[in-house]
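Enquirer: Each residue of the sequence shown is one higher than the last, beginning at 578 in my numbering.
Simulated from the structure, these hints should not be mistaken for lab results.
Just so you know, even glycine gets a beta-carbon here, dropped at the ideal spot from N, CA and C.
It cannot be assumed that every hint is accurate.
Unchecked claim - No more than 35 Å apart at the CA atoms, straight line, and that leaves these computed lysine-lysine pairs for DSBU-like:
1) 615 <-> 822
2) 651 <-> 822
3) 698 <-> 805
4) 761 <-> 805
Unchecked claim - Here are the in silico distance ranges between beta carbons for each label pair:
5) 949 <-> 593: 35 to 43 Å
6) 596 <-> 662: 35 to 43 Å
7) 773 <-> 718: 33 to 41 Å
8) 691 <-> 809: 19 to 27 Å
9) 591 <-> 707: 50 to 58 Å
10) 865 <-> 611: 23 to 31 Å
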Amino acid sequence: MSEAKSNVAMPQAEIPSAYDIPLEDIMPINARLWSEHKWIEYFERLRAEDPVHFNYSDIAGRFWSLTKYEDIKKVDSDWQNFSSANGITLGLPVDADLPEGALGITTFIAQDPPVHDVQRKTVSRAVAPNNLVAMEALIRERTCRVLDALPEGETFDWVDTVSIELTTMMLATLFDFPFEDRRKLTRWSDVTFAIPQPGGIIESEEERRAELLECLAYFTQLREERLKNPGSDLVSMLAHGEDTKDMSPMNYLGNLLLLIVGGNDTTRNSMTGSVYALNQFPDQYDKLIAKPELIPQMVAELIRWQTPLAYMRRTANNDCEIGGKQIKQGDQILMWYASGNRDAAVFDNANELDIERPNARQHLSFGFGIHRCMGNRLAEMQLRI
578 MSEAKSNVAM PQAEIPSAYD IPLEDIMPIN ARLWSEHKWI EYFERLRAED PVHFNYSDIA
638 GRFWSLTKYE DIKKVDSDWQ NFSSANGITL GLPVDADLPE GALGITTFIA QDPPVHDVQR
698 KTVSRAVAPN NLVAMEALIR ERTCRVLDAL PEGETFDWVD TVSIELTTMM LATLFDFPFE
758 DRRKLTRWSD VTFAIPQPGG IIESEEERRA ELLECLAYFT QLREERLKNP GSDLVSMLAH
818 GEDTKDMSPM NYLGNLLLLI VGGNDTTRNS MTGSVYALNQ FPDQYDKLIA KPELIPQMVA
878 ELIRWQTPLA YMRRTANNDC EIGGKQIKQG DQILMWYASG NRDAAVFDNA NELDIERPNA
938 RQHLSFGFGI HRCMGNRLAE MQLRI
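With the hints as constraints, model all of the structure from the sequences given.
Expert: Following this line, the structure appears as structure tokens:
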């Protein structure tokens with residue numbers, strides 16, 4: 578009689594407390610720390626016991642996690658010694674070859690001056706203060722329309738109905754993208770950094786490649802149209818800018834994806850995180866209702882507390898020392914904004930939401946130095962409205 582085999586997946590072991598494992602075994606990039614919301618305790622221990630934490634990965638090689646506010650700010654502000662040119666997310670070692678089939682996408686945020694500066698300058702005009710004034714009425718009208726249409730007395734998906742819809746409409750406006758196809762922008766944003774897995778956003782690298790090439794083809798057609806009939810949108814700026822008009826296809830795609838992800842993923846995370854935060858801290862919601870003039874201050878605090886982008890990477894240009902640790906040239910350095918924004922040395926009761934926090938605007942979420950988020954004012958305006 579043959580033995581029956583079950584296709585039911587065995588449950589994974591529970592993630593232990595951060596204080597029940599050896600310090601050297603803490604791996605901040607463990608996806609389950611984030612999906613199961615266990616990261617806060619792990620970073621609390623690292624900030625207290627090993628704020629510049631070393632790890633080794635068979636894929637990524639050597640990398641360090643910076644967990645304290647001042648260390649992160651120092652590295653983020655020093656592009657001369659800590660480069661973005663080898664990537665801004667944890668990846669292959671500097672001297673490794675790209676895997677077969679990789680697109681080799683480049684983008685200005687993953688560059689150092691002078692390339693970074695001239696390409697950034699071309700597109701930053703789209704979110705200049707004078708343009709934001711013109712956008713505010715449109716954003717307000719759309720926000721009211723979306724919120725007024727929400728169902729009453731029944732459960733609905735806030736992320737899809739509100740957060741994604743509002744950010745995708747804004748992106749479509751910035752690109753002058755066909756409005757009926759705007760959800761393609763959401764899909765390309767999700768695909769860009771998704772981890773391939775069965776039943777996931779993508780199931781293979783080949784699927785990612787195919788969809789991103791579809792994105793390139795779509796925007797290449799838009800570029801051809803804007804070369805003939807330019808406007809004030811981002812595609813026209815890239816097509817006609819002296820420093821961007823001759824970009825390679827992969828550089829064009831990379832900069833498009835940067836703008837798509839930056840304008841969609843992080844802002845929608847903040848919108849969703851804001852609702853979650855006020856639900857977790859009802860006293861702060863009550864305070865907001867009583868004192869709506871706190872909205873601008875609340876926006877800064879929500880961005881600190883929620884931290885839409887968990888980390889950014891740099892690569893050491895030289896041997897150096899950070900927090901008493903010896904960093905080797907070529908080492909990858911992860912600046913954990915999510916941890917720095919909870920650093921008790923800077924923010925009192927950092928795990929709590931306090932919409933009257935006096936130094937909330939000192940958060941790390943938008944970065945520092947030449948790579949500070951160029952769309953920060955637009956993001957704040959969307960959240961404020």
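Enquirer: So, for every hint listed, does it hold in this structure?
Expert: So, going through the hints one by one against the coordinates:
{"no.": "1", "hint": "615 <-> 822", "result": "violated (45 Å)"}
{"no.": "2", "hint": "651 <-> 822", "result": "holds (34 Å)"}
{"no.": "3", "hint": "698 <-> 805", "result": "holds (22 Å)"}
{"no.": "4", "hint": "761 <-> 805", "result": "holds (24 Å)"}
{"no.": "5", "hint": "949 <-> 593: 35 to 43 Å", "result": "holds (37 Å)"}
{"no.": "6", "hint": "596 <-> 662: 35 to 43 Å", "result": "holds (38 Å)"}
{"no.": "7", "hint": "773 <-> 718: 33 to 41 Å", "result": "holds (39 Å)"}
{"no.": "8", "hint": "691 <-> 809: 19 to 27 Å", "result": "holds (25 Å)"}
{"no.": "9", "hint": "591 <-> 707: 50 to 58 Å", "result": "holds (53 Å)"}
{"no.": "10", "hint": "865 <-> 611: 23 to 31 Å", "result": "holds (28 Å)"}
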